[in-house]
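Which chain is which? The protein sequence lines are A and B, in order. As numbered in the numbering used here, residues 1 to 251 make up the first sequence, in order. As numbered in the numbering used here, residues 1 to 251 make up the second sequence, in order.
In case anyone wonders, no lab produced these hints; they're calculated from the structure. Please read these numbers as outputs of a predicted model, since none were measured by experiment. Virtual Cβ for every residue (Gly too), placed ideally from N, Cα, C. Be careful, since some hints might not be right.
[Claimed, not checked] Cut-off 25 Å, straight-line C-alpha distance, at most; resulting in silico cross-link-like pairs (SDA-like, lysine to any residue):
1. K23(B) to G38(A)
2. K197(B) to V55(A)
3. K25(A) to T35(B)
4. K197(A) to K88(B)
5. K229(A) to T22(B)
6. K64(A) to G38(A)
7. K184(A) to V92(B)
8. K105(A) to E191(B)
9. K135(B) to F209(A)
10. K23(A) to K105(B)
11. K184(A) to R21(B)
12. K173(A) to G20(B)
13. K25(A) to P216(B)
14. K110(A) to L210(B)
15. K23(A) to D40(B)
16. K135(A) to A215(B)
17. K184(B) to R124(A)
18. K110(B) to E212(A)
19. K23(A) to V221(B)
20. K25(B) to S178(A)
21. K105(A) to A246(B)
22. K23(A) to I179(B)
23. K184(A) to K105(B)
24. K173(A) to E51(B)
25. K64(B) to R124(A)
26. K64(A) to K23(B)
27. K23(B) to R223(A)
28. K23(A) to A183(B)
29. K184(B) to L115(A)
30. K25(B) to N146(B)
31. K25(B) to E212(A)
32. K184(A) to H78(B)
33. K25(B) to R180(A)
34. K169(B) to A53(A)
[As the list claims (entries may be wrong)] Pulled a few chain B residues facing chain A out of the computed Cβ check, cut under 7 Å:
35. G28
36. L41
37. V44
38. E51
39. T66
40. T77
2 protein chains.
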Amino acid sequence: MTVEIVTAAVLVIGDEILSGRTKDKNIGYIADYCTAIGVDLKEVRVVSDDEAAIVDAVNALRAKYTYVFTTGGIGPTHDDITADCVAKAFGVPLDFHPEAIAIMKERLAKSGGELNEARMRMTRIPRGAALVANKVSGAPGFWIGNVITMAGIPAVMQAMLDEVAPKLKTGAKLMSESIRADAKEGDVGTELGVVAKEHPDTIIGSYPFLDETMAPNTNIVVRSRDAEKLAAAKAAIEAMLVKVRAQLGAA
Amino acid sequence: MTVEIVTAAVLVIGDEILSGRTKDKNIGYIADYCTAIGVDLKEVRVVSDDEAAIVDAVNALRAKYTYVFTTGGIGPTHDDITADCVAKAFGVPLDFHPEAIAIMKERLAKSGGELNEARMRMTRIPRGAALVANKVSGAPGFWIGNVITMAGIPAVMQAMLDEVAPKLKTGAKLMSESIRADAKEGDVGTELGVVAKEHPDTIIGSYPFLDETMAPNTNIVVRSRDAEKLAAAKAAIEAMLVKVRAQLGAA
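Looking at chain A on its own, in the form it has when it is part of the complex (with noise of 0.2 Å):
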């Protein structure tokens, strides 16, 4: 059985995130989500509001990843480039959408407000993209290619990305275990490792933190997409686990 794996990529654009102004929510948000529903989220990348630096960024994800998630930076003042950099990067026209427009007018007539240019340009959008909708402000994203442009904001953001999520191609889902050593990481890391090795079709994470009592003490994660690997890379580690504490007891 040949299980497809379904990846991606998130762009996140904007100064405001790299002069620590803002405090990004979307990275974790899109994680989430993408573990949700199969989709293996295997970069992020932030960069400023400039050109150069989001042009590239979009070519080098495209590339690489079966989607890429951008967020910030479409909104209607001169630091809002993103529209522009998609479309460089695709080397397509910049142009004002027609369906687009008649959501800005048709949200203007409710809450007021002229559709001036700075309005008009969350309105361009690259030729050839499909809008993505904005059921809390409005103004669209867009998906073109392999690449979906989002807003900054989280509400909108998570608005578009529910847009979204039912037309992507998702994988089989990576099903995951939990596991509480109750033990020291660094008194558990070599058995680990060994255990691992001999389940290569899963993925082990080690993960220490201070329990309830200020204690060292270590989550372990086990990740497969396959139930029965799961299961027994679970158990193995069990097992390890009750023969490393009953030696530390011991000793």
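Since chain A is already given, all that's left is putting chain B on it; use the hints.
Okay, now just chain B, sitting in the frame of chain A:
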């Protein structure tokens, strides 16, 4: 007067960030820190615990920026491969480091625990690197060339950053002023673009938000390394806002 621009990138290493299991807290912290000390954070990447991905990212980023800060992947388990990858990126061997071993022994004498194979992993340092002290939990980071490798646990990373910060070259600080527009972003965008063009030595960003009455509002942030140019741009924006708000009121 030539002002030196000191740049940096952050490379976050870890499957747990990309799966969503762990939400990164280091990017925003390092971003604030860089802004405070006069280092321009230009790019962030997050990659998985994969040798090729880490080596490629280290080499791409160290060629482009003054400094590269890596976080994550320097613990005692098989999935901690950052030291291996940085050594490979620099083409140097990874040695057991006598000072790192001494630090680990001293720690373990107090906390209990054996200097086993897993913990010895944490004493492997790329040849030629200087250690970065870890006042929180002992196991050091390191600094080789322009790459500074730190832990992923926020408290440990923060302590390591405090260790290296006094030794970093820093540039002229980017000063900033924030101006509340009391207008919708779409109503000020066109005029703000004109001001931005007239003040090329400043960086002007526009950030929509919902104010205390839940009305759409806008924060405008001006940044510059030159206090006079910053003040001039701020004054120009305030004058523009007075004019635009008067027009909107009259409409």
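These are the hints, each one checked on the structure:
With a C-alpha separation of about 19 Å, the suggested pairing of K23(B) with G38(A) holds against the 25 Å cut-off. Note on K197(B) and V55(A): the hinted pairing holds, with a Cα-Cα distance of about 22 Å set against a maximum of 25 Å. For the proposed pair K25(A) and T35(B), the alpha carbon gap of about 20 Å is at most 25 Å, so the pair holds. Note on K197(A) and K88(B): the hinted pairing holds, with a Cα-Cα distance of about 22 Å set against a maximum of 25 Å.
For the proposed pair K229(A) and T22(B), the alpha carbon gap of about 24 Å is at most 25 Å, so the pair holds. At most 25 Å may separate the alpha-carbon atoms for a hinted pair to count; K64(A) and G38(A) meet this at roughly 18 Å. Of the supplied pair hints, the one linking K184(A) and V92(B) is violated, its CA atoms being roughly 31 Å apart against a limit of 25 Å. This hinted pair checks out: K105(A) and E191(B) have alpha carbons roughly 21 Å apart, not beyond 25 Å.
Using a Cα cut-off of 25 Å, the hinted pair K135(B) and F209(A) holds, with the two alpha carbons roughly 17 Å apart. Taking the CA atoms of K23(A) and K105(B), the gap is about 39 Å. The hint is violated against a cut of 25 Å. Between K184(A) and R21(B), the direct Cα distance comes to roughly 20 Å. Compliance with the 25 Å bound is thereby established for this hinted pair. With a C-alpha separation of about 14 Å, the suggested pair K173(A) and G20(B) falls inside the 25 Å cut-off, and the hint holds.
Of the supplied pair hints, the one linking K25(A) and P216(B) holds, its CA atoms being roughly 20 Å apart against a limit of 25 Å. Between K110(A) and L210(B), the direct Cα distance comes to roughly 17 Å. Compliance with the 25 Å bound is thereby established for this hinted pair. Using a Cα cut-off of 25 Å, the hinted pair K23(A) and D40(B) holds, with the two alpha carbons roughly 16 Å apart. At most 25 Å may separate the alpha-carbon atoms for a hinted pair to count; K135(A) and A215(B) meet this at roughly 17 Å.
Among the hinted pairs, K184(B) with R124(A) is consistent with the structure: their alpha-carbon atoms are about 19 Å apart, no more than 25 Å. Between K110(B) and E212(A) the alpha-carbon distance is near 21 Å, which keeps this suggested pair within the 25 Å criterion. Only pairs whose Cα atoms come within 25 Å are accepted, and K23(A) paired with V221(B) is accepted, the gap being roughly 15 Å. Restraint check for K25(B) and S178(A): satisfied, since their Cα atoms lie roughly 22 Å apart, inside the 25 Å limit.
Restraint check: the Cα-Cα separation between K105(A) and A246(B) comes to about 23 Å, which is no more than 25 Å; the hinted pair holds. Between K23(A) and I179(B) the alpha-carbon distance is near 19 Å, which keeps this suggested pair within the 25 Å criterion. A hinted pair counts as satisfied when its Cα atoms are at most 25 Å apart, and K184(A) with K105(B) qualifies at roughly 16 Å. A C-alpha spacing of about 23 Å is found between K173(A) and E51(B), which places the hinted pair at or below 25 Å, so the restraint holds.
Our distance criterion of 25 Å between C-alpha atoms is broken by K64(B) and R124(A), whose separation comes to about 32 Å. Annotation: proposed proximity of K64(A) to K23(B) holds, straight-line Cα distance about 24 Å (limit 25 Å). At roughly 18 Å between alpha-carbon atoms, K23(B) and R223(A) fall within 25 Å of each other, so this suggested pair holds. Taken as a hint, the K23(A) and A183(B) pair is honoured in the structure, with Cα atoms around 23 Å apart against an allowance of 25 Å.
Under the criterion of a C-alpha separation no larger than 25 Å, the hint pairing K184(B) with L115(A) is consistent with the structure, at around 12 Å. For the suggested pair K25(B) and N146(B), the alpha carbons sit about 23 Å apart, so the restraint of at most 25 Å is met. The suggested pairing of K25(B) with E212(A) holds, with an alpha-carbon distance near 21 Å, which does not exceed 25 Å. The straight-line distance between the Cα atoms of K184(A) and H78(B) is roughly 15 Å, inside the 25 Å bound, and the hint therefore holds.
Proposed proximity of K25(B) and R180(A) is supported: the alpha carbons are some 23 Å apart, at most 25 Å. Simply put, K169(B) and A53(A) have alpha-carbon atoms about 24 Å apart, close enough for the 25 Å limit, and the pair holds. With a cut of 7 Å, the hint placing G28(B) at the interface with chain A holds, because the nearest CB-to-CB distance is about 4 Å. Annotation: L41(B) was flagged as interfacial toward chain A, and the flag holds, the nearest CB pair being 5 Å apart, inside 7 Å.
Evaluation of the V44(B) hint against chain A yields a held restraint, the C-beta minimum of about 4 Å falling below 7 Å. Because the beta carbon of E51(B) sits about 14 Å from the nearest beta carbon in chain A, more than 7 Å, this interface hint is broken. Using the Cβ-Cβ criterion of 7 Å, the hint placing T66(B) at the interface with chain A is not satisfied: the shortest such distance is roughly 14 Å. The interface hint given for T77(B) is met, as the beta carbon of that residue sits about 4 Å from the closest beta carbon of chain A, less than 7 Å.
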